[in-house]
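Given these sequences and hints, build the entire structure.
Protein chains in written order, with the numbering used here: chain R, 793 to 1219; chain Z, 793 to 1219; chain E, 793 to 1219.
A hint or two may mislead.
Said to hold, decoys possible - Heads up, simulated DSS-like pairs for lysine-lysine below, C-alpha to C-alpha not over 27 Å straight-line:
no.	chain 1	residue 1	chain 2	residue 2
1	E	K1117	R	K902
2	Z	K1095	E	K913
3	R	K1117	R	K1105
4	Z	K902	R	K999
5	Z	K902	R	K1001
6	E	K1095	Z	K1115
7	Z	K913	R	K1117
8	R	K913	E	K913
9	Z	K902	R	K1117
10	E	K913	Z	K1117
11	R	K1105	Z	K913
12	E	K1181	R	K902
13	Z	K1105	E	K1021
14	R	K1021	Z	K1093
15	Z	K1075	R	K1105
16	R	K1105	Z	K1117
17	R	K1095	E	K1105
18	R	K913	E	K1105
These are computed hints drawn from the structure, not numbers from a lab.
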Amino acid sequence: MLTKEQNALLTQTEPGTPMGDMFRSYWLPALLGEELPENDCPPVRVQILSEHLIAFRDSEGNYGLLNEFCAHRGVSLWFGRNEHCGLRCPYHGWKYDHTGQCVEIPSEPKDTGFADRIKLKSYPLIERGGILWTYMGPPDQQPPYPEWEFIMVEPEQTFASKRLQGTNWLQAMEGGIDSSHVSWLHGDALHHDPLFKNTKGGEYNLKDKAPVFDVIESPGGLYVGARRKAEEGNYYWRITQYVVPSFTMIPPRGDYTLHGHFWVPIDDTHCWAWSYDYHPTRKIKPEEREAMKEGRGIHVKCKPGTYLPVATKENDYLIDREKQKSGAIASGVEGIGMQDASLQESMGAIVDRTDEHLVSSDKGIIMARRMIFRALEAMKEGEMPPGRKPEDQHVRSAALLLSGDQNFEEAAAEALRAKKGMEPATV
Amino acid sequence: MLTKEQNALLTQTEPGTPMGDMFRSYWLPALLGEELPENDCPPVRVQILSEHLIAFRDSEGNYGLLNEFCAHRGVSLWFGRNEHCGLRCPYHGWKYDHTGQCVEIPSEPKDTGFADRIKLKSYPLIERGGILWTYMGPPDQQPPYPEWEFIMVEPEQTFASKRLQGTNWLQAMEGGIDSSHVSWLHGDALHHDPLFKNTKGGEYNLKDKAPVFDVIESPGGLYVGARRKAEEGNYYWRITQYVVPSFTMIPPRGDYTLHGHFWVPIDDTHCWAWSYDYHPTRKIKPEEREAMKEGRGIHVKCKPGTYLPVATKENDYLIDREKQKSGAIASGVEGIGMQDASLQESMGAIVDRTDEHLVSSDKGIIMARRMIFRALEAMKEGEMPPGRKPEDQHVRSAALLLSGDQNFEEAAAEALRAKKGMEPATV
Amino acid sequence: MLTKEQNALLTQTEPGTPMGDMFRSYWLPALLGEELPENDCPPVRVQILSEHLIAFRDSEGNYGLLNEFCAHRGVSLWFGRNEHCGLRCPYHGWKYDHTGQCVEIPSEPKDTGFADRIKLKSYPLIERGGILWTYMGPPDQQPPYPEWEFIMVEPEQTFASKRLQGTNWLQAMEGGIDSSHVSWLHGDALHHDPLFKNTKGGEYNLKDKAPVFDVIESPGGLYVGARRKAEEGNYYWRITQYVVPSFTMIPPRGDYTLHGHFWVPIDDTHCWAWSYDYHPTRKIKPEEREAMKEGRGIHVKCKPGTYLPVATKENDYLIDREKQKSGAIASGVEGIGMQDASLQESMGAIVDRTDEHLVSSDKGIIMARRMIFRALEAMKEGEMPPGRKPEDQHVRSAALLLSGDQNFEEAAAEALRAKKGMEPATV
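Take a look at the structure:
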């Protein structure tokens, strides 16, 4: 349970807020590469951390992420023409390059140097792993480029999607490190989802619905360990990775791909739910990739040409009360992603954490909040928060069988670090 | 005319408001029985007096009305699975019985008694006359079950419906005790509606458009008497019943059924308009019941599977300007219920009563407001408001012909009390 | 660049605001004549300067513009029946004449004179040039009827339309006196629009994209002169008329009609964009009139039976990225009117003028603001603002070729005044 002030501190990310400053200290996923598919393609509106931005890809392939509005009289550059290494406002022809520098004002005499003095706020935008990343903090504190394993493997080994969620980022992230709800909410997926079904691990998940949690601090965040009963006094361990502030990675099952999420605030009542799947040592099979595109596994079916889910609050998330009654689907909502999203949206856009009752299985959530509070305090003293260093990002989730007296931290130490060519630890 | 403060006092019903406290001292209609048609059927969201609640019917037929959100992390229990005498949240499987008591937390050790200490806010929900009633006040002040005649007769003798209205409860209720507007707004119904047309009373209504009002306090509210000219110095009297805070009953016509309304605040800008029809001594005929279901009489045609009217502000209430021009329908809007609703919504969600001009025919409204103000004052001293006692609810509206020197209060004394087997007084 | 306070001063026009008072000192276009096509036709809701009004045309052809809501209990008179020289509220039959005087209250005794004491707020509404004009200021300060040339010529010589715009009036008006953007934003129209294409003037427009501005005060506002290079040291001059507060007139081209706009605040975030076309000495040709109705030239295609554009923010203004890429249309949006509207709406409902960068081509805008500020100051001292006198309204825009040393003010002096039968100055 948080105080009202604590809840506000964690959930508000506008410019000038402490949590907004923290988010602005990382490389954040801003767009899918497919949104800017070629040089001189149309610009795309981007809203992150309550800032209105415009992204474009110039004639030479440079990516730009600028303040959305023309410096002259405030027209949205979404109407801009992307031409000859710049975005030109169609109102009076002012033109900006990918750094936000104004390079031409047709109505002004060229010799005054007026255009040179006009520069839009802009942020670096780089491509890595099929995703365009931005860093919105002070230039002199820019961290190294991101090195999450899912963007460092070959393109054939990875897949990412994004979808709009009508909630604050925090309650989405808290769902992501909540290893306990899978047995309830996503039980159906362990039976039927083409990217989850019929694994030994899934069986343990379904059998023991009272996992015991063991959460340990990691260099960049937390190892959220959940222990379930297996055969003969052994335990089935699932260790979720959490890296501050909003990277999560779900433990794998069988030979399926590894997966996880990024939750990026759009504003305080909306976030992008980024979902990735990858395998460290093999290609994603065509039928797997097809299933991901169709919204199976942790991905979500969206309206064509958009990143807006087909199932929404307005259509009651297409709930199927018959399937719920028969026990086929616990909530009656289809799909892992929408199961999470529907429940999280039902909490209200910013859940009231002054009126919650956390239990032992929420240990990951409790410790993640504490970690963020501590990092916010440290930032006041000029310290950088965890999760910025590449080594903080070289993480993997893991699932493994251990005997009763084995400590997961030791036993899984290697499995929890990303290492090129190393097989994932999975059951 | 009210002051701004008086208007706020009467129209605000959130928890903690004086008017909210008054509403919370009664049994209020919360749902139609048909909304929870069988044991273990899907739960239903209910919003009353600005509180978000969830209603369900358990495996043994008990009705529950609980806080909508799971105590754990705030998920809406609308997604809950109704199973084995409880509603189970699909996120982590927390289960609640119909009293709001948490009976299972699967992830927690059973012996800690943690679940026993979790109880959602809940209100009693009982069935009477095909309607589910709730009492949202302090348990030790719960009044006896409601005894309105329309819920005490046999099911074959009664019919009820509800519809959403986009206004505060008060301007809806004020329409309900306004016996003067029928001659104008609903004139067409007296000619053509299958549940109103061609009665002697209707004729008097249409002929004399300047009724004289005589309003008298009753044990639970008001007798709103309206006198119109009849033959040979006689008067046609219509006496509307008003019982505090929001029960109204329209005087009957010919052999048709008796009818009236309850207006229940959803929040301060929406209310449920409950409409009932019944006959104290005979069954409702099949063709009458069919007409009521189709939205004739005081009922309203709703979108299939909902309680939302087909005619809305967005479609201009399907106004027919030709019928208005020809004089067939005064406002051009079809149906008694939508005629009222459309005009009341056009006043704005909460009408500005600092800028009204009441006249003698508004005497019922003026006295009803005074009565509520007095009751609110009395509540400060610990007194209960009128309308809670069963005898306050044993009322009937009446229509009768009286000679010029007859006092309606005496002449209609018996007719204004509900009495099993007694014929209604109607013209 | 303005301060926040200055921006608020110019953009807020509710009752009681200084800018609202200024707008209320003029005859403003309120409805198209076609909206009240015949005596006793249905009434029409009108919102101007944040006031909710109802317009109707009585049995004798008088126009009324009244407070929208019945004085009794606040019902919208949009539901009123227009009958026998009055609008009758359908709730209780109160009836008002076109001056707002209550002429009948059926439920009240006639001899009390109560109705005589009820009068709705009302404004004069007169027809001139196919447009209904209202004056919303103090009756004793009512100016003479409007005498803009487009409403003084024969009906065959003029055409007007209106469309909703989702912005404050000021950023719309500022687009109207911005003679520089045509070369960019509307370049396509100079090639293809049936009401603009292929003129000598258009060619100069397209060739010289850096016009030099010369802005001079006129009796009622400004002459916004823009000079572009023509042959042999000559200049192509375009002189836009601006009359305080929101009348603008675009310089003509070739033999086409003259045209311009009125921008009338609905509330602070919406305005009506009025667009007119006329010719001082000839009829509008049938094919021209047809093109105007279809939304060509400065007019806009609206949804049938409404004044709401087909192209909206929700459908991305039907932007055609292919046509933008090919250079056929600078912004990709079809039509002069929607090109302006889409960009102006993209600035946000009230553009933030504390964060703009005006340049020399914005001289008209800068001087117009100053003129309004000065007029607002003068109003404090009891002076009337410019633009109210008929002679202030006898203006015409003009386009002409001048030699390098010619002063446009002298050379165009006659051309800039409307004079019956005089040919327009156009190139």
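Outcome of the hint check:
no., hint, in the structure
1, E:K1117 <-> R:K902, "26 Å, holds"
2, Z:K1095 <-> E:K913, "39 Å, violated"
3, R:K1117 <-> R:K1105, "20 Å, holds"
4, Z:K902 <-> R:K999, "17 Å, holds"
5, Z:K902 <-> R:K1001, "13 Å, holds"
6, E:K1095 <-> Z:K1115, "25 Å, holds"
7, Z:K913 <-> R:K1117, "25 Å, holds"
8, R:K913 <-> E:K913, "50 Å, violated"
9, Z:K902 <-> R:K1117, "26 Å, holds"
10, E:K913 <-> Z:K1117, "25 Å, holds"
11, R:K1105 <-> Z:K913, "25 Å, holds"
12, E:K1181 <-> R:K902, "43 Å, violated"
13, Z:K1105 <-> E:K1021, "56 Å, violated"
14, R:K1021 <-> Z:K1093, "57 Å, violated"
15, Z:K1075 <-> R:K1105, "42 Å, violated"
16, R:K1105 <-> Z:K1117, "42 Å, violated"
17, R:K1095 <-> E:K1105, "19 Å, holds"
18, R:K913 <-> E:K1105, "25 Å, holds"
In this structure, the hints that do not hold are numbers 2, 8, 12, 13, 14, 15 and 16, in rising order.
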